[in-house]
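The lines below spell out each chain.
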Amino acid sequence: MLSLIGIAATLWLAVTGKLELYIHPRYVPFTVTMALIAAAVSVAGFLMTREHSEHPDEHADPDTHTDPDVPKPGRLRAAGSLLTVIAAVLGLLVLPPSALTAEAANQRDLNVSGTLGRHQTNDLLTEEPSGFNVRDWASLLRYSPGEAYFAGKTATVTGFITAERKDPANVFYVTRFVVSCCTVDAQPVGVPVHQPGWQENYKPGSWVTATGSFGLNPNQDSTNPILMTATQITSTTEPERPYIH
Amino acid sequence: MRQPRPGPESAPDLDRQASEKERRSEAAYRRLNVVLALGLITAVAYIFRTLAPSATAGIEGAARDFFTLSISVIIESLPFVFLGILVSILVQVWLPPDFLFRRLPARPVLRRMVLSLLGMLMPVCECGNVPMARGLMLKGLSVGESMTFLFAAPILNPVTIITTQQAFGWDSGILAWRIAGGFLIANLIGWIYSRHREPHRLLTARFEAACRSDEHQHAPHGKLRQSVDLFQREANAMMPALFIGAGLAGLIQVGVPRNVLVTLGSDPLWSVLALMLLAFVVSICSTVDAFFILSFGATFLPGAIVAFLVFGPMIDVKMLALLRTTFTARTLLQLTVLIALCAAVLGWGVNLAF
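So the protein sequences, as listed, match chains A and B.
So for the first sequence, numbering that gives the first Met the number 0 puts the first residue at 0; every next one is plus one.
So for the second sequence, numbering that gives the first Met the number 0 puts the first residue at 0; every next one is plus one.
Honestly, the hints are just simulated from the structure, not real lab data.
Since this is a predicted model, take the numbers as computed values, not measurements.
Note that beta-carbon positions come from the ideal geometry of N, C-alpha and C, so glycine has one too.
Check each hint, because a few of them may be wrong.
A few chain B residues that don't get close to chain A, going by computed Cβ distances all over 12 angstroms [said to hold, decoys possible]: (1) T41; (2) A44; (3) Y45; (4) F98; (5) R101; (6) P107; (7) R110; (8) L116; (9) G139; (10) G172; (11) L187; (12) R232; (13) P239; (14) L241; (15) I243.
Stretches of chain A that chain B covers, calculated by requiring three or more beta carbons in the stretch to come under 8 angstroms of a beta carbon on chain B [stated by the list, open to error]: (16) 118 to 132; (17) 144 to 155; (18) 214 to 228.
Derived contacts from chain A toward chain B, CB cut-off under 7 angstroms, selection only [said to hold, decoys possible]: (19) S2; (20) G5; (21) Y21; (22) G90; (23) L99; (24) T100; (25) Q194.
Using the sequences and the hints given, assemble the complete structure.
Okay, here's the thing in structure tokens:
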């Protein structure tokens with residue numbers, strides 16, 4: 000039953016194009032193929048079911064429990080598996096598919112493990128910055144190539160808002176999750192934006208597009224010596240692909 | 000159910016017919032139940048997702064993240080579990096019985112060494128290895144030997160080696176230590192458990208029963224039928240474990256702030272223990288964990304990363320739930336402690352030496 004739920008959920012997500020909310024796109028073909036094979040075998044098994052006489056683990060269950068570690072009576076086990084099935088149906092089939100929330104971003108360290116490595120960041124220096132996304136800018140700010148690099152450059156980034164921990168009144172991050180395998184390893188990256196009183200207009204977790212240039216942080220002991228001084232912030236909705244892969 | 004009526008035919012023949020009929024109608028009843036349950040689930044899911052999506056809008060924040068994280072573990076691992084089951088079916092049903100074992104050396108130590116390289120031929124990550132190892136045990140591999148395979152294969156595996164190489168390169172030594180560590184620990188564990196006097200006591204009663212019944216179960220049906228049966232049996236055995244493991248992994252992720260781990264950072268011993276705990280909690284597949292931990296490279300000492308890359312594929316929340324289908328809780332506790340000790344010593348040693 001559980002594998003059927005898993006297969007159905009996988010195929011449903013694949014058909015609606017939402018599989019990428021949970022896994023890296025490079026796994027999509029593999030995942031769909033295996034789900035289709037498993038579905039075919041399950042249907043075959045369903046049609047073939049006749050006798051169940053050679054199912055040792057179903058019949059040999061209650062009385063051969065000599066193992067002291069498994070004192071589970073049949074009823075408890077049944078209740079447990081019913082609960083698992085209900086939770087699986089609820090999570091995989093009933094709830095609408097969703098991306099991680101801003102709350103999860105607060106739980107994880109921003110710009111620590113989601114950014115590009117030092118070498119990849121250095122490679123960015125020679126590239127045209129107009130197409131840079133949140134991770135690119137966050138990596139550049141982390142391994143700062145110096146103020147001169149940022150002078151005169153304009154960035155446009157889209158992400159959800161998380162408050163700066165030390166200076167929540169003046170600074171927020173335009174945040175995205177970076178997913179390297181599946182959503183479990185999602186790491187937040189963010190571009191700091193200096194805008195005193197932002198909380199009056201925007202709530203943490205809401206999606207915005209910010210366009211602006213970079214400048215020195217007036218607050219000298221902040222974690223971000225250089226940040227974005229946004230000229231323009233517009234509200235937007237969560238994009239189709241909320242993660243950076 | 001119709002009772003067999005007395006007639007001209009011989010009694011045992013009638014009995015057989017009757018029980019056959021009984022089985023059939025029982026199967027039909029089961030099938031009807033399954034169809035009803037599926038119909039009901041589909042209806043409920045359809046109503047909530049498509050017609051009344053606002054009904055579930057109340058689930059926000061941490062609760063929603065819990066579901067998102069658990070679902071992602073399930074969706075990510077499911078195809079690998081299926082692949083593992085398929086490979087295990089290939090070995091159990093389609094290959095000649097002694098195909099693998101004929102080629103294995105007779106000396107136990109060499110045998111385990113060869114088995115720990117078996118993963119090279121089967122690029123399955125650790126979730127797929129559990130059904131595979133179960134299949135090997137049903138084929139007659141000893142418990143210690145299958146443990147060696149189980150713990151070595153996710154590391155000594157072409158996909159894992161390639162991704163680790165891409166992430167860390169050859170020069171850093173991390174790849175070499177990962178391979179050496181995985182090989183040594185897996186063989187050590189296999190050696191320790193091969194000396195166990197009653198290896199069957201390491202297994203759950205359920206799996207042991209399957210092992211015993213398998214000995215005298217000689218292909219009552221065609222191979223195709225056998226494969227389908229085996230697929231269903233293995234899927235039924237693995238799924239609860241996978242789902243519960245995924246739920247636990249999601250719960251811990253929502254509950255334990257990760258920056259607690261990261262602040263432990265750069266101490267030779269604490270960094271090792273912190274990353275091992277992280278590996279235990281996040282439960283990602285060995286084939287991609289290198290990319291995940293790459294970004295911690297700046298914060299953590301190399302020994303800690305080696306410990307993460309060696310310990311994670313062998314033991315984590317999801318693996319323990321999957322392994323619980325096969326091994327007793329006591330065995331798993333021993334294994335966890337043993338492997339954790341080995342990995343910690345390895346990581347600490349690397350930190351002190353370099």
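Check the structure against each numbered hint from earlier and tell me which ones fail, lowest number first.
1, 2, 3, 12, 13, 14, 15, 16, 17, 18 and 25
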